[in-house]
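Assemble chain R onto chain S, guided by the hints.
2 protein chains.
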Amino acid sequence: MLGLMQQRPLLISGLVDYAATWHGEREIVSRDPEGAIHRSNYAEVAERAKKVARALDALGLEAGDRVATLAWNGHRHLELYYGVTSSGRVLHTVNPRLFPDQLHYIIHHAGDAYVFFDPVFAPLVNELAPRLPLVRGWVSLSDRAHAPAVEVSELLVYEELLAGASSDYQWPLLDENAASTLCYTSGTTGNPKGVLYSHRSTLLHAFAACAVDGLGLSGRDSFLVVVPLFHANAWSVPFSGAMCGMKLVLPGPKLDPESLFALMAEEGCTKSGGVPTVWLNFLAWIEAHRDRLDLEKIKLKTVLCGGSAPPRAIIEKFHDLLGVYVLHAWGMTETSPIVTTGAPLYKHADLSGAALVDMQVRQGRQVFGVELKLIGSDGRELPHDGVSVGELKVRGNWIVSGYFKGEGGQVIDKDGWFGTGDVATIDPDGYVQLTDRLKDVIKSGGEWISSIEIENLAMSHPDVFEAAVIAVAHPVWQERPLLIVHPRDGRTPTKEAILAFLAEKLPKWQMPDDVVFVEGLPHTATGKLLKTELRQRFHGHLAVTG
Amino acid sequence: MLGLMQQRPLLISGLVDYAATWHGEREIVSRDPEGAIHRSNYAEVAERAKKVARALDALGLEAGDRVATLAWNGHRHLELYYGVTSSGRVLHTVNPRLFPDQLHYIIHHAGDAYVFFDPVFAPLVNELAPRLPLVRGWVSLSDRAHAPAVEVSELLVYEELLAGASSDYQWPLLDENAASTLCYTSGTTGNPKGVLYSHRSTLLHAFAACAVDGLGLSGRDSFLVVVPLFHANAWSVPFSGAMCGMKLVLPGPKLDPESLFALMAEEGCTKSGGVPTVWLNFLAWIEAHRDRLDLEKIKLKTVLCGGSAPPRAIIEKFHDLLGVYVLHAWGMTETSPIVTTGAPLYKHADLSGAALVDMQVRQGRQVFGVELKLIGSDGRELPHDGVSVGELKVRGNWIVSGYFKGEGGQVIDKDGWFGTGDVATIDPDGYVQLTDRLKDVIKSGGEWISSIEIENLAMSHPDVFEAAVIAVAHPVWQERPLLIVHPRDGRTPTKEAILAFLAEKLPKWQMPDDVVFVEGLPHTATGKLLKTELRQRFHGHLAVTG
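These protein sequence lines are chains S and R, in that order.
So the mapping is simple: this note's numbering equals the position in the first sequence, first residue as 1, plus 264.
So the mapping is simple: this note's numbering equals the position in the second sequence, first residue as 1, plus 264.
Treat each hint with caution, since some may be false.
Identical copies carry no separate label here, and so any pair may be met within one copy or between two of them.
Below are the EDC-like pairs computed for lysine to aspartate or glutamate, each with C-alpha atoms no more than 20 angstroms apart in a straight line [what the hints assert, rightly or not]:
hint: 1; residue 1: K637; residue 2: D281
hint: 2; residue 1: K565; residue 2: D614
hint: 3; residue 1: K561; residue 2: D614
hint: 4; residue 1: K707; residue 2: D778
hint: 5; residue 1: K611; residue 2: E530
hint: 6; residue 1: K563; residue 2: E531
hint: 7; residue 1: K611; residue 2: D691
hint: 8; residue 1: K703; residue 2: E760
hint: 9; residue 1: K678; residue 2: D439
Note that these hints are calculated values from the structure, not bench results.
With the rest of the complex left out, here is chain S (with noise of 0.2 angstroms):
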């Protein structure tokens, strides 16, 4: 028997419509390309995108079709999420800090018929507009006297495509499983796949990051958008901040410590969201520009961090200097992204110091919508017990049921589960903490040992500048730790004294089972430790010397 309840799609229409009505005053502040400040709203963001949908009524696109962006955060790329989605096409954010060899790819992959870019990212539309034929046309982010000159055969320009539109339009009533956004992961291995995002997880991903244990945000809020509208649809923060009213602010290229800073002071801002790297940059220009700065106009309370593992050292210092606390969250392109956070516990409501922040450092606990569980080497379940070190696997109306064109192939199983490739533990209090990726782990005899573990031990050493801890092939164990250091200049420590280091931290079973010096460690253009060429060098390493 089926209830007697109204159905209705839930769709991001229903977002820019609620936003528009209930919420129209309140201001989406950005820094334009051009670098003046630009004063918006939920209304006039919503009638702009109602002329959005119609500029691509006239441009001939139909319902599915994709729709690219290269551009940072400002309000002309807001416009495009909420027109292109809720008019029923597909909204592809572009990294635009990929290779041109990568944005090639992506862009051809798509399908994607127009590319809406930024003036800052004309010499990349030089480069790439030969090479797709396909793109039907370029559109310039801007005004007429700030488009650019480029080589493209047909070059459109946003106000002017927006001028000739009118706002008198009625959102389809699509289909809530439609699909309304696509973001390709950046991929280590292989080429970039595509996720491929509907308005039903998007609005159910968007709940949940409304509540108060979700990412908390409140119409009361003015929130700093540092993550790019390009990442994982900005943590869905263009959507839930259209959920509840809540201000954005949208710091364009600008994203140095003084732009950042003098937003937040002049906007208000009561959250913020971003990677590590950009927090780690603001807090030490503070701490360096202390004496000139007035603290007392930051009103920031929360910044959200995620993409990569928040140190301590900035959860301690948004706190000690700026009172902030550091919501950490967890999740990846798959997942929408959020599946974790860090809102605490009520038990852990009344923490502070070091038990606070080591609390906050973990990747956080589930939020309803999602399922998350751990699954052993054997392919069992573990228990949370902070103990057992599994992979995490997820499923939800918010994780991928499969890649764009079918790359990729199955990803998830029978039941739903997606493999996530993340190795963690989960506490006996539901709090996540990631060890490794799937990919470093060593698989020694039935157990894992974390790569990162004994990589973080060995750097703590003093001889030591960067340690590498990769699996080699072992005849009885199958796999088993190789450490790989680079020594710090001038300094020539042995074998014996680290491994003498280690055993004083280390369970016997997870020690090395031997130690190589080299002069220098392969690295990503991001910096992160190209373990798969350490694999390749040492390979047959354990059956030589063991």
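Here is chain R on its own, set in the frame of chain S:
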């Protein structure tokens, strides 16, 4: 093109599993019908809910079968909330305060297979059972020792049913639109009508309740559930509580101020919710016993108030005596019930004193997830100007599409709008202010005149004990207001004096066309003015006197 996100049904079983897994040790405290305090938690309640499911299986109940409760707020009632619904049956929460004839009608109309009742309602069961031969069995919500002697063919005992059932049970994967709970509107006219909620409507509504700007519920809260579980899903608290792992404190039948105060103090309650009448008594008792009470023990921060509008005095006294914020919400059984809540808009975050109370006495602003509009007498949408008076219409995923078994016929229009029968204004900031019931408003020449506003004005005259305003047919204006006054003992006000008094505050077109004096006004059993009787009596009044 559909998104590539998982499509998993939104089910109450998901709430139960979530609470058991991630908030298992969070307490559920209840006062048993016998008076003792019973301590449980989400893990135990979830386990017993699974035993409920097994017990219903054993009784031969199928998906969609209705199971009724006649019970106060206790842990066993909560277990039924979770176990009956999650296993695919429909929980029909019956208001035991209704007259036996109404109870008979409702239980018969719902086709309830079993009735679970608190032992205290044994006399009611004895009265009802012979008239309800289709009820297959009556279950005492107790152990054997506390089961009452009732004259029914099949008396079962809850604790025995559970003792015989295993908790090894997997919730079925239901359609998210399947019926979950059933609640009848008391209905001032005609027969009671059943509102049949679905799993989807329940979960989306709970998301709204957990939002910061909804009810703002959190896992760090301890909620004293004064609103009965048989009253419109107890405003979602059993569901939204499980969604965030909130401690629930269930007061059983003891709603006297002293018992509530003791529970609040002992269980560290931070939030509560109930109708204004309960709070009037509670606050009066605190004032009377202030000298001997340790108010410091009360950790209450927010009291949710709805059902009818809380008077200013409640809002002010809660603030002054206990530092509590009254969160005024509006809705009805047909709307799950939350449509508006009094979470302050950003610009009102710093209000205090009378200005804050001015905001709180209004019904609040629309939450995201449903839609609200104001419709004038001509059927056109009215602006949010704080002046235009119209009927509130709502639509959305937690609004009825029709009543159980088709009672009342078509209740929504072709676009899904449901007429609430409440007449209101909406101000430019979106705050709703109820002014009347649609059936009581006077439709005068296309304009609406609020009966309540004139009544309140008239009752502020020193010679008036009680006043009623009704619409009376008028040859030119269609309807005009007639004021009916019951003077205070010993007073003999004149028509002219009353009209002169009103004329100081009412626009001329809203002035009553006549004033008649009576020796008493008719009331319903619950103390409301019985205007239907007055309308019959004064039907042709203006034709005679006009």
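Q. Which numbered hints are broken by the structure, listed smallest first?
A. 8
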